[in-house]
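Number of protein chains: 4
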Amino acid sequence: MIIGVIGAGEPTPEIYSLAETVGEELGKRGVTLVCGGLGGVMEAACRGAKKAGGTTIGVLPGNDKSSANPWVDVTIPTGMGHSRNVIIVKTAEVIIAVGGAYGTLSEIGHSLAEQVPVVGLKTWEIFREGQKDKSITIAESPSDAVEKAMNMLNESNIVKK
Amino acid sequence: MIIGVIGAGEPTPEIYSLAETVGEELGKRGVTLVCGGLGGVMEAACRGAKKAGGTTIGVLPGNDKSSANPWVDVTIPTGMGHSRNVIIVKTAEVIIAVGGAYGTLSEIGHSLAEQVPVVGLKTWEIFREGQKDKSITIAESPSDAVEKAMNMLNESNIVKK
Amino acid sequence: MIIGVIGAGEPTPEIYSLAETVGEELGKRGVTLVCGGLGGVMEAACRGAKKAGGTTIGVLPGNDKSSANPWVDVTIPTGMGHSRNVIIVKTAEVIIAVGGAYGTLSEIGHSLAEQVPVVGLKTWEIFREGQKDKSITIAESPSDAVEKAMNMLNESNIVKK
Amino acid sequence: MIIGVIGAGEPTPEIYSLAETVGEELGKRGVTLVCGGLGGVMEAACRGAKKAGGTTIGVLPGNDKSSANPWVDVTIPTGMGHSRNVIIVKTAEVIIAVGGAYGTLSEIGHSLAEQVPVVGLKTWEIFREGQKDKSITIAESPSDAVEKAMNMLNESNIVKK
Numbered sequence: 364m365i366i367g368v369i370g371a372g373e374p375t376p377e378i379y380s381l382a383e384t385v386g387e388e389l390g391k392r393g394v395t396l397v398c399g400g401l402g403g404v405m406e407a408a409c410r411g412a413k414k415a416g417g418t419t420i421g422v423l424p425g426n427d428k429s430s431a432n433p434w435v436d437v438t439i440p441t442g443m444g445h446s447r448n449v450i451i452v453k454t455a456e457v458i459i460a461v462g463g464a465y466g467t468l469s470e471i472g473h474s475l476a477e478q479v480p481v482v483g484l485k486t487w488e489i490f491r492e493g494q495k496d497k498s499i500t501i502a503e504s505p506s507d508a509v510e511k512a513m514n515m516l517n518e519s520n521i522v523k524k
Numbered sequence: 364m365i366i367g368v369i370g371a372g373e374p375t376p377e378i379y380s381l382a383e384t385v386g387e388e389l390g391k392r393g394v395t396l397v398c399g400g401l402g403g404v405m406e407a408a409c410r411g412a413k414k415a416g417g418t419t420i421g422v423l424p425g426n427d428k429s430s431a432n433p434w435v436d437v438t439i440p441t442g443m444g445h446s447r448n449v450i451i452v453k454t455a456e457v458i459i460a461v462g463g464a465y466g467t468l469s470e471i472g473h474s475l476a477e478q479v480p481v482v483g484l485k486t487w488e489i490f491r492e493g494q495k496d497k498s499i500t501i502a503e504s505p506s507d508a509v510e511k512a513m514n515m516l517n518e519s520n521i522v523k524k
Numbered sequence: 364m365i366i367g368v369i370g371a372g373e374p375t376p377e378i379y380s381l382a383e384t385v386g387e388e389l390g391k392r393g394v395t396l397v398c399g400g401l402g403g404v405m406e407a408a409c410r411g412a413k414k415a416g417g418t419t420i421g422v423l424p425g426n427d428k429s430s431a432n433p434w435v436d437v438t439i440p441t442g443m444g445h446s447r448n449v450i451i452v453k454t455a456e457v458i459i460a461v462g463g464a465y466g467t468l469s470e471i472g473h474s475l476a477e478q479v480p481v482v483g484l485k486t487w488e489i490f491r492e493g494q495k496d497k498s499i500t501i502a503e504s505p506s507d508a509v510e511k512a513m514n515m516l517n518e519s520n521i522v523k524k
Numbered sequence: 364m365i366i367g368v369i370g371a372g373e374p375t376p377e378i379y380s381l382a383e384t385v386g387e388e389l390g391k392r393g394v395t396l397v398c399g400g401l402g403g404v405m406e407a408a409c410r411g412a413k414k415a416g417g418t419t420i421g422v423l424p425g426n427d428k429s430s431a432n433p434w435v436d437v438t439i440p441t442g443m444g445h446s447r448n449v450i451i452v453k454t455a456e457v458i459i460a461v462g463g464a465y466g467t468l469s470e471i472g473h474s475l476a477e478q479v480p481v482v483g484l485k486t487w488e489i490f491r492e493g494q495k496d497k498s499i500t501i502a503e504s505p506s507d508a509v510e511k512a513m514n515m516l517n518e519s520n521i522v523k524k
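Residue numbers (this note's numbering), protein chains in the order written: chain A, 364 to 524; chain B, 364 to 524; chain C, 364 to 524; chain D, 364 to 524.
No lab work stands behind these hints, which were simulated from the structure alone.
It is possible that some hints are incorrect.
Note: identical chains are not told apart, hence a pair may lie in one copy or across any two.
[Claimed, not checked] In silico BS3-like pairs for lysine-lysine, Cα to Cα no more than 27 angstroms straight-line:
#1 K511 - K428
#2 K495 - K485
#3 K414 - K485
#4 K413 - K511
#5 K495 - K428
#6 K495 - K413
#7 K495 - K414
#8 K391 - K413
#9 K414 - K511
#10 K485 - K511
#11 K428 - K413
#12 K497 - K485
#13 K414 - K497
#14 K497 - K511
From a predicted model like this one, the values you see are computed outputs, not experimental measurements.
All chains should be modelled from the sequences, with the hints used to inform the complete structure.
Put into structure tokens, the structure is as follows:
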């Protein structure tokens, strides 16, 4: 079971804290976390996951392994810049977006295009023709986000069987 | 001068027609058009551009050049799936989004992350913390979209000089 | 410590067996193995590594996690075809090439270009202007290949410190 | 008709001159040239092509269009580093390798893996199990290289029809 956590490299302290709790909740449940491997939300989520004994994968945009945050277990340097966002999305079975800047928006787009479900915590809302697109499942708290992601993951595994 | 046109592979007839006019307006102005090279909005824009004597580049997700629409002049097969969206954005100096599905949303995110300006015609609207993000410049018509894109392109070239 | 094992998807039984022993020797030494995740040499190396209690990463060319061989622990689907070869090379600190087809030749080229050392076991030999290029360190057996790779890895880590 | 020219970024003056003549011969025949867009062999080939009125495409490893040599007509910045080598190979119908360093070796490997024919002029020779692999067609001069590439291109187009 792998869940992706996406979000900005320079979040507010509130968002950093939410992402850390998301990581911790994932670690407690034995879910592997995949993310972009850098700072901010990525760092917070990895830190939380390691605190709870979880496993973390960081898919880096650059070439330098030392750019990964210290809580990444498996470091994948791609040297591909933002093209690596697609790899994060494909590696995850469900995505949790916490806050987020434009890179996060691109990842939400890739996830929905690839039919990887997205749970959003204080993240982007998207509208088409004046109507809200409800593909992003809204969560109220880190534990709610992880609960919803786990349910989606279990449903998707039942469908596969 | 290169402008990117992004949008869905299976648009409504109205959106197809808008994209064709966008392409035509670009062709008239001697601007090269870059897009994803496939059908729908991509095809419509290329078709319009060629009608007006323009030049078109198609950056394909797959390996097969014959998947390009017949109005693509320069075909770049990448074999990289949606990772190629980043290449479209980097090749363009300004992006015009016409309608659009989730792939288009990913391209809007990549454009804004890479500081490539985006003009939107009946496309996604994006909100953060209940506030509309105004980075997407709204256009009212194909000619308005192209006018706005040309102005951005000229401003950006003045800054560079 | 991560070592990459590269080689053909459809090797001879002899090469398959050599790759399995390479994997086993890596697993015994607690080295993580990264490879392309598919069959043939990739499968053999992962199988050997798991037999010895090692950890394996498979960076897949396609989108489908189920195309990974059963001995891959961490599956990274890229959807990028052979462009993923570069990611394998960047993830590894040293590469061991066992036999190999043209895809392996591309990976040897990428490794040497990125200054990732290459050990070769019954693999390509390369010549320029009638002279053999000695950048590929030749190994006589799986254990010799792993010994040489471990030495390179230790030297490179000393340099970094 | 598109032919790729690959080779080192820092060639000897002799190789630079050969690549320029290859570009010129391609331009005379109205063949579009695709390359990596940077200096050295890439620059020489584009320069030759433009001298003869040809068209050139440069698929850059970086993000910055200004890193393209001045003889590139269509600039595609990928931001993907050496992963862009695969795109050059897929865009070409035949590849001509002139001299070359390790990046060129990776491109030869990708070409042969993707069944894109390779003509070599003073480039790598590759051996497997002590036997020379004859997949690289050896040329004696720039015009010989272009003649051989044109023949391959015509044969491949006949097969497709």
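Cross-check of the supplied hints:
With identical chains, the CA atoms of K511 and K428 are at most 27 angstroms apart between copies only, with a shortest distance of 23 angstroms across copies and 32 angstroms within one. Proximity of K495 and K485 under a CA criterion of 27 angstroms is satisfied in both settings, with 15 angstroms inside one chain copy and 14 angstroms between copies. In this assembly of identical chains, the alpha carbons of K414 and K485 lie at most 27 angstroms apart only when taken from the same copy (23 angstroms versus 45 angstroms across copies). For the homomeric pair K413 and K511, the shortest alpha-carbon distance inside one copy (21 angstroms) is at most 27 angstroms, but the shortest distance between copies (34 angstroms) is not.
Taking CA atoms no more than 27 angstroms apart as the test, K495 paired with K428 passes in neither setting, with 40 angstroms inside one copy and 32 angstroms between copies. Neither within a single protomer nor between protomers do K495 and K413 lie at most 27 angstroms apart by alpha-carbon distance, with minima of 36 angstroms and 36 angstroms respectively. With identical chains, the CA atoms of K495 and K414 are never at most 27 angstroms apart, being 37 angstroms at best within one copy and 36 angstroms at best between copies. Taking the closest pair of Cα atoms, K391 and K413 come within 27 angstroms of each other both inside a single copy (9 angstroms) and across two copies (26 angstroms).
Only within a single protomer do K414 and K511 lie at most 27 angstroms apart by alpha-carbon distance; the minimum there is 22 angstroms, versus 37 angstroms between protomers. For the homomeric pair K485 and K511, the shortest alpha-carbon distance inside one copy (15 angstroms) is at most 27 angstroms, but the shortest distance between copies (32 angstroms) is not. Both within a single protomer and between protomers do K428 and K413 lie at most 27 angstroms apart by alpha-carbon distance, with minima of 18 angstroms and 25 angstroms respectively. Proximity of K497 to K485 under the C-alpha cut-off of 27 angstroms is found in both arrangements, the shortest distances being 14 angstroms within a copy and 18 angstroms between copies.
Taking identical chains as interchangeable, the C-alpha atoms of K414 and K497 are never at most 27 angstroms apart, the minima being 33 angstroms within one chain and 39 angstroms between chains. For a Cα distance limit of 27 angstroms, the shortest separation of K497 from K511 inside one copy, 15 angstroms, qualifies, whereas the shortest one across copies, 30 angstroms, does not.
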